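**Student:** Each chain is listed here by its residues.
4 protein chains.
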Amino acid sequence: MNRRDEAMAYQPHYFSEVRKAQANAYAPYSNFKVGAYLRTKDGKAYYGGNVENAAYPMAICAERSSLVAAIADGYRPGDFESITVTVDADEPSSPCGACRQVMKELCDDEMPVYMTNHKGDMTELSVGELLPLGFSGKDLN
Amino acid sequence: MNRRDEAMAYQPHYFSEVRKAQANAYAPYSNFKVGAYLRTKDGKAYYGGNVENAAYPMAICAERSSLVAAIADGYRPGDFESITVTVDADEPSSPCGACRQVMKELCDDEMPVYMTNHKGDMTELSVGELLPLGFSGKDLN
Amino acid sequence: MNRRDEAMAYQPHYFSEVRKAQANAYAPYSNFKVGAYLRTKDGKAYYGGNVENAAYPMAICAERSSLVAAIADGYRPGDFESITVTVDADEPSSPCGACRQVMKELCDDEMPVYMTNHKGDMTELSVGELLPLGFSGKDLN
Amino acid sequence: MNRRDEAMAYQPHYFSEVRKAQANAYAPYSNFKVGAYLRTKDGKAYYGGNVENAAYPMAICAERSSLVAAIADGYRPGDFESITVTVDADEPSSPCGACRQVMKELCDDEMPVYMTNHKGDMTELSVGELLPLGFSGKDLN
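Same order as they appear, the protein sequences are chains V, D, P and L.
If you read the first sequence in this note's numbering, its first letter stands for residue 1, the second for the next number, and so on.
If you read the second sequence in this note's numbering, its first letter stands for residue 142, the second for the next number, and so on.
If you read the third sequence in this note's numbering, its first letter stands for residue 283, the second for the next number, and so on.
If you read the fourth sequence in this note's numbering, its first letter stands for residue 424, the second for the next number, and so on.
To be clear, the hints were calculated from the coordinates, so they are not data collected in a lab.
Note that the structure is predicted; figures quoted are calculated from it, not measured.
All residues carry an ideal CB built from backbone N, CA and C; glycine is no exception.
Among these hints, one or two may not hold up.
Simulated DEER-style distance windows between Cβ atoms [as the list claims (entries may be wrong)]: (1) V:G78 with P:K401: 53 to 61 Å; (2) V:G43 with P:K420: 40 to 48 Å; (3) L:L563 with V:D79: 26 to 34 Å; (4) V:L140 with D:K260: 25 to 33 Å; (5) V:D88 with D:D214: 16 to 24 Å; (6) D:G215 with P:K326: 47 to 55 Å; (7) D:H259 with V:R76: 37 to 45 Å; (8) D:A164 with P:K326: 45 to 53 Å; (9) P:D391 with D:T181: 40 to 48 Å.
Using the sequences provided together with the hints, build the complete structure.
**Tutor:** Written out as structure tokens, the structure reads:
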């Protein structure tokens, strides 16, 4: 399921873009800045950074920040091509569970999630792989 | 504290803009679309709509959506002039508690929050009025 | 609106109980432990501590922890008499916006919220005072 | 990875208990009641139901409700044996992403999550299987 090894062989997708997104993160409590770069199928891009809060539960992640910006612009579920995430850490960090759930709602199960770090390492999994048996609107009916 | 009566006397601020923001909300579970229109002190604007999720707790409100988009663009706490919110309801709805907390982190206590509805009614309170004795980074030290 | 001065004159309500609740908080990221002690109108008590997460937005506050435990035990909105909160800080900290919103849903507007710190200082506000013009189920109709 | 078929062959673990937990859920907005039953390694049990809010993002899930109640009682990460979840749906629903993230923080990766529905169907996955490459405290360092 982990395609880390093959992934490492090629240049991370949208690496310079996602590093720019990370620069605008607001993370004064954790000092752990995260950046996200979302591509739509018709070629538009949305940037996101994590936005922390003194009340920790009210923090909003980089991935969700980029996704809600696209929705506000009129994009709908299924319109997204890929998302790239970046952190400064020894290993590329994966999206938190809440971001995976928001991707499940808004993105195709096959959409690739490119996880990178400052060294240019990359791991790739799809939305469906990140949230196996994911809860969705179908479960509510 | 409620300045509803005076507020009603004048035309809601940024009313046509916030109604445009509302149009892009994604609210298939509640069918309650919310729009937010955020102005920066240097005159830029960010639109937000609520983005719901089959897993209800992962919904993100319109107000927070507009704020994180501005942060992703490089704006910082204190850079915001006002936020206008709109709903389709008999009375203008106020921001939820989580949005008030995010405003507390990112906006001046004196920043006005203009709450409107589809009929053009408006209520105005400041961020500090919406979250009295609000929890902030100072409380963590 | 702030009744801090009168409040200081009397012994904090349920102070020893809420300090016990705080002792079980799980706060390895902020090192800011919060305790909550919830009383039902029929005299039962529920303890809560904040439960943090490496993914900061998934933290759950002490106040909400005590409230959901009571709901799981069968208590319903309107069954609650008071909540006491405590922190280790120079000033008693107030509940975050999300906790105020959950109180709005589950507690009477007049229910007192006793905010304390390790020194025994106390500030008291009601749920309605903490979330003026609070968003509620009525706004959805 | 999905052990649904084998799982169906045996009686769901703690089925009557988790159905009792579900009965106390507070879900007036979705009418989708969820129950959770958490077992500690030393044999104690915690019940949880989802607790919804007019402001949808402030809802709290059944799984997290049971986990924070255990933490408030003094249990720590690693003290948990299993969690059983139940819904009224054609298929057993899985935990949302946020609950998976909280399990990642508090439970062993090998801990079984038993997902059931009102018909007694059961699917079993471990915490690690539900959140592949899960984000954790190690990623923050």
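**Student:** It remains to establish, for every hint, whether it holds in the given structure.
**Tutor:** Verification of the hints:
About 55 Å separates the C-beta atoms of V:G78 and P:K401, a value consistent with the hinted range of 53 to 61 Å. Between V:G43 and P:K420 the CB atoms are about 44 Å apart, so this pair conforms to the stated range of 40 to 48 Å. At about 32 Å, the CB distance of L:L563 to V:D79 agrees with the hint of 26 to 34 Å. Restraint check, V:L140 to D:K260: a C-beta distance of roughly 32 Å satisfies the suggested window 25 to 33 Å.
For V:D88 paired with D:D214, a C-beta distance near 21 Å keeps the hint of 16 to 24 Å intact. At roughly 50 Å, the beta-carbon separation of D:G215 and P:K326 lies within the given 47 to 55 Å, and the hint holds. For D:H259 paired with V:R76, a C-beta distance near 22 Å fails the hint of 37 to 45 Å. Range check, D:A164 to P:K326: Cβ separation about 47 Å, and the 45 to 53 Å hint holds.
Between P:D391 and D:T181 the Cβ separation comes to about 35 Å, which falls outside the hinted range of 40 to 48 Å.
Violated hints, in rising order: 7 and 9; the structure is consistent with all others.
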